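These protein sequences, in sequence, are chains A and B. Numbering (our numbering) for the first sequence: 649 to 1476. Numbering (our numbering) for the second sequence: 801 to 1359.
Read the hints as simulated data drawn from the structure, not as lab findings. Bear in mind the structure is a predicted one, so any value in this text is a computation, not a measurement. Every residue gets a Cβ at the ideal spot worked out from N, C-alpha and C, and that includes glycine. All the pointers check out, no bait thrown in.
Residues from chain B that keep clear of chain A, each with C-beta distances beyond 10 Å, as calculated: (1) Thr831; (2) Asn851; (3) Glu1136; (4) Asn1142; (5) Arg1197; (6) Val1204; (7) Leu1205; (8) Arg1227; (9) Ser1234; (10) Thr1246; (11) Thr1250; (12) Leu1316; (13) Ser1324.
Derived DSSO-like pairs: lysine-lysine, alpha-carbon spacing no greater than 30 Å straight-line: (14) Lys1071(B) - Lys959(A); (15) Lys1150(A) - Lys1299(B); (16) Lys1084(A) - Lys1027(A).
Listed below, chain by chain, are the residues.
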Amino acid sequence: MESISRISSLLETARDLTLEAANNANNARRSTPKELPSGQLKKLLDSRSEREILEGLRRVVTMSYRQPPSQTLPFFSHVIKNVASPSLAVKKLVYIYLLQHAEHEPDTALLSINTIQKSLTDTNPHLRALALRVMSSIRVPVISQIVSLGIKRGAGDMSPLVRRAAALAIPKCYRLDPNTEPQLLEYLSTLLGDKQYFVAGAAVAAFLELCPDRLDLLHPHYRSLVQKLVDMDEWGQLATLRLMMVYARKCFPRRTRKVQKTPHSNTTSSKPTKSTKGFYDTESDSEEEEEKEQNMEEIAVLDPDLELLLKSCQPLLQSRNAAVVVAVARTYLYLGTPEYLIQAVGPLVSLLRSAGDIQHIALHNIVQVCLTHPEPFVKYYTHFLVRSTDAPHIWRLKLELLTLIFPYAQLRLQSLILAELSHFSHSGSLDPTLVKESVRAIGRCSQSPATSPQTSARCLRLLLKHIGSADGHLVAESLEVIRHLIQRNPSAHRTTVVRLAKHLDAATSPQARASIIWLVGEFAGLDSENNIAADVLRILVKGFADEAEPAKLQIVLLAAKVYIHHLNANPPPEPSKTEEPKASPPLLDSYHEEEGGFRDENLEAHSQPTESHQPEKPHPIKALYDYILLLARYDTSYDLRDRTRVYKALLATPTSTQLASLLLLAPKPVPHIPSPSETRKGYVLGSASLVIGDEGGVGGLRGYDDLPRWVKEGDEPDAALRDETVSTSASTYDSARTISAADRLDAAAGSSRTPDSIMSPRSLNGVGESSVGVSASKGKEKTLDDWLAEESGSEEETDEDEEEETDEEESEYETESESGGEGDRLVK
Amino acid sequence: MSTVEALYIFDEHNTPLLEHSYVGRPPASSTLLPLYLSHAAPRPSLIYLPNTNPATLLYSVIQDQLLFLCPCSSDTEPLQVLEFLHRVADVLEDFLGSPLLASKIEAHYDVVAQLLNEMVDGGIIACTEPNALRDVVDAPNFIKSLLGGVGLPSSTPSSLTPSATPFSLASRPSPRLGPTNTPQATSSVPWRRANVRHTSNEMYVDIVETLEVTLSPSGRPLSAIANGTVAFTAKVSGVPDLILQLGCPGGVQNAVALPVFHPCVRLNRWKERPGELSFVPPDGRFVLAGYEVDLLGPAALDAFSTSASAKSSPKLNIPATVSVHPSLGPSASDFEVRLQLNPRFTGKSPAPNSSSTGGKGGLGRGISGAGFSSSGTTAAPAIEEMAVHIPLPVGVRNIADLRVLKGNGDASYSPGDRSIEWHISSREISLLMSQDRGGGVGATATLRGTVIGQEDETAESEPAPFATGTYDYDDEQTPSQQEKTKTEPRKIDYAKRNKVLMPSCATVSFSVKGWLASGIKVESLNLDHKRSKGLGSGVTPYKGVKYLCVSRRGVEARC
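Turn these sequences into a full structure, and let the hints steer you where they fit.
So, in structure tokens, the structure goes:
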């Protein structure tokens, strides 16, 4: 969802903005208080008047943001002594100063601890929470015990605000002094069971910081946490989802059940299941074996507790927070079944509506899901079309997505995607890398195993069209991809090579020419009856001097290849020649047999055609080769001359070509272009390592936690652990659940009716007052929506009477506030 | 594992404005900024800096020209940090006023410091709801005066507990009688401030749709998505319970896809009755919901290839489209950009209809302020801020003879630029529209220009344009033949080379007030008096609705 500031920038016209900006620049810059000499400032701080102290503090805080701490440190004692001030505003500013400077003067800072400690017992919960937060944030290790005591007190506080502050103070206290851990764990386990959703959320965050491995503490709270998930604030939801992913992996073994494959589910559900399995393939070998049974399909059997988690995540898919949506998708991807994951696909795509920075990260996550489950993304193809305004890191990922969904798209969509890619490949003169990437994307489309041969041929045709273009990048990249395609299936592309060779007349880019020449050379050995390699060489030799260096290198290489094929086909008669055919690779062997008819009788008759100066003309290939060597010898390029020398030495004796064929005719591995994000496939969805990739180190960035494996069947903690505690403390949790946001709302709305019973501290502390009027009778799993939806009629009857009362009172205040407003206006 | 280690804010000139560290020893802003700036211009929002100690992940968000940086030393969820940075911007804007300016931050460091301390506690994001923050941090005074006395009246520095003042005591209808007299300073609804009081009760709905349309060279729309956002401004006392009914020809459930909601919206209600948003709003301005509408409909793909002609392509009802015609003229170096305006929309009308209404009759704009009613009504929506943007390839050195053939407007290009801007003011649009009022096909405007490529490139390739087309070493060929073979492909080569220099797309920007591409309307906005609390029985808040359709280079045509 767009942030409100982005929307308001759309709503307010540019003119208004600039006017106000100018206005502000004039006023505020001038009005920022000029810095006072330190003596005067100290005087302000020491003053008896609260207004002056406040003014002094404001100036000091402002200074502390603009200048190094050494400038503001002299005021330390003057500021700190105001900590006892009764004014909340003064206190807040003193605290801010204290937190910034305590480390520089730990001893003086300690003086303030006592006063802060006193505030822990204040009647105002805001002040208590503030004091606890500040005390735990002072980075002076000596006070760790005091902080720990403060947390203990705070954890039992009746105000949820204070309890939340206590939860958040726990990791800070641990950082001060790790020895306090046992006490802290105790407080934490109480807080984890807190019935207030925003206390529980903070407690989970603290748990993740303090002891993410102590899952045993969680068992009794698992169900209540999962149920509170919907009502937590977004940050609490994030922490809980993160925790639950680890918890579920370690506590719910992956059980699978084999069922007969239904014909319908073949395309939709079975495939994702398999690919998920592939994704976790290390987990168990037995599963792999089972999968071999063809017509049986594995269906994950979900633990009821796990299912509870998955179900309670569902409403979060509509969250405005992009991180929450991704966290739910992560939960579904790693814990759930494909059916769940499909629900998350739409919300993931909807993240592309948000600001560019979020879009980038969201795309990385979408690609990650798409790598394993491409099908559900097909219908959102319109979102992946590249726009001219996209930044490079955005269109790169969009192109990848298009190629990932390509094999699963229907024909029309396939042609649309291809048209799209080819558009960017030749009109992408905007950005050469875009050209490159889109040509590569076409290559990936045609390579994918799911692509039909016709489509593949279509891709190739598309690429071949590019060869004549004037855009060097395009031609070079197209040929690169064509080469890959040809190498994957050489026999089918013999004619393609001939076609390419014809293009040598038109292609101008040296890279492109080099690529074509190389391909011709690779195919020089195939089908030698009517191979064009020698002829191409003949033509190229004529223009050798005008070629660019990369092309020259390839021409020399082509000459060497043609020559060695020629030698292999027509071995010069030698005494030792009988061994030769055996030594040469089998591939060449077969040609040797076939090409018997090609043999030059004349050459065979002579023992050493190269060195003996025969009156007959040498074989044209030999002549060409010699000519090339001669030309290259006087070239300006070192590299070219060196290479020529190597070839010359390799092929010096026509009788022994073994080494040369080993070097020159070695079979080339078939190149495979993986999707660029394949390398990141191992990283967990939603992590920063996923975005950074291997750049951040092979095992992920510092602090990266890999997904834990599923616990083995039998090793998991007893499910009763979760039941048992819930039943013993059922009353606590029941009442805990009843006071959700809904009831708080109720309490506020109907505060005139039953303020005490609902908001009373006793019920807040969960002593089990299940008779809390209306709300408690409504069952435990009530969320805000339920509550508001089913507001009972019986309640309204009693409402009526009291409403009048409220209204009367309300109207009084109305007038009062109105008069206040008038007063304001008058003042203005 | 702390999420947020520090927050740095820089102004538009990259001078540090604020440096606030939460936990650990994050690298200073002075070390991070140069490393951030050293990245190439469209900087990704997450940058990995291996050279700092410790190696740092740097998150960045630019909002209102301010740069927000947040370093992290360990792996965190990137979206969490980025969302947080956006929330910081939102909160600061809420407290300091919109737009967020460097000077405002500088003038209110004390407020900003309090906010930053409340939002993150020990590296853990604690609270980002503006309303909840208003309970604990007092907004600067000038805002309070602007909003007309909004806000907790407890800011008097002498009162330690807000409840001690008679005012806030009075604001609670029934004083608590419990054993511990805890004042209810905290709100019961996490997103709504406690004790909201307004002298004038107002509610405004702003629906903003951002268009993203891609047109194929033939003019057929490939994709057309309207991204909608419902912004809501609630200035209502007490705890109001509102129902906002959205309507759309063809049904909301068919049009609206992938909605997201503010946590205050009751999801079940939406699921049962799509289009009905039932919620207790936070106080102030917030984004209620986001959605998207596929303007082409689900059958777009089928229509795309079954019929080849452009006429049967799905009709797209947007204010303006554009088409690019490259490689014109004798040397194929000219291009033409045609802007097609939809006749439904007019330019700025000479006599603005000030009593503009949105949606149904009852929802008039309550107060005619806000600078909205000047132009553009639902009856006659007007196009404003029309601009055509034509990005150019790198090879283009200059554009010769750039002129508007038909219509008017101001096309600007200076040598070396990577794009042409063509602005047409709303007055000129209305002029255009009036010219062919009779036809009903709308107006067109045309821009033509000639590209000139790099000089050195042509010079270089002149002597030997083809390396292989000619056989220089072949003695048998006559020179005349050689010439022939040389010149003919050269012409084609010009076309080819100029093709590389052609613009490949053009984008249109505009904004239309009072009209939405999706046709979504606010049918009603009601206050549920039974459920709402704290609002006088006779009080009916003012209601206002505003529609805005924006394209920020969103309509893109390819060629």
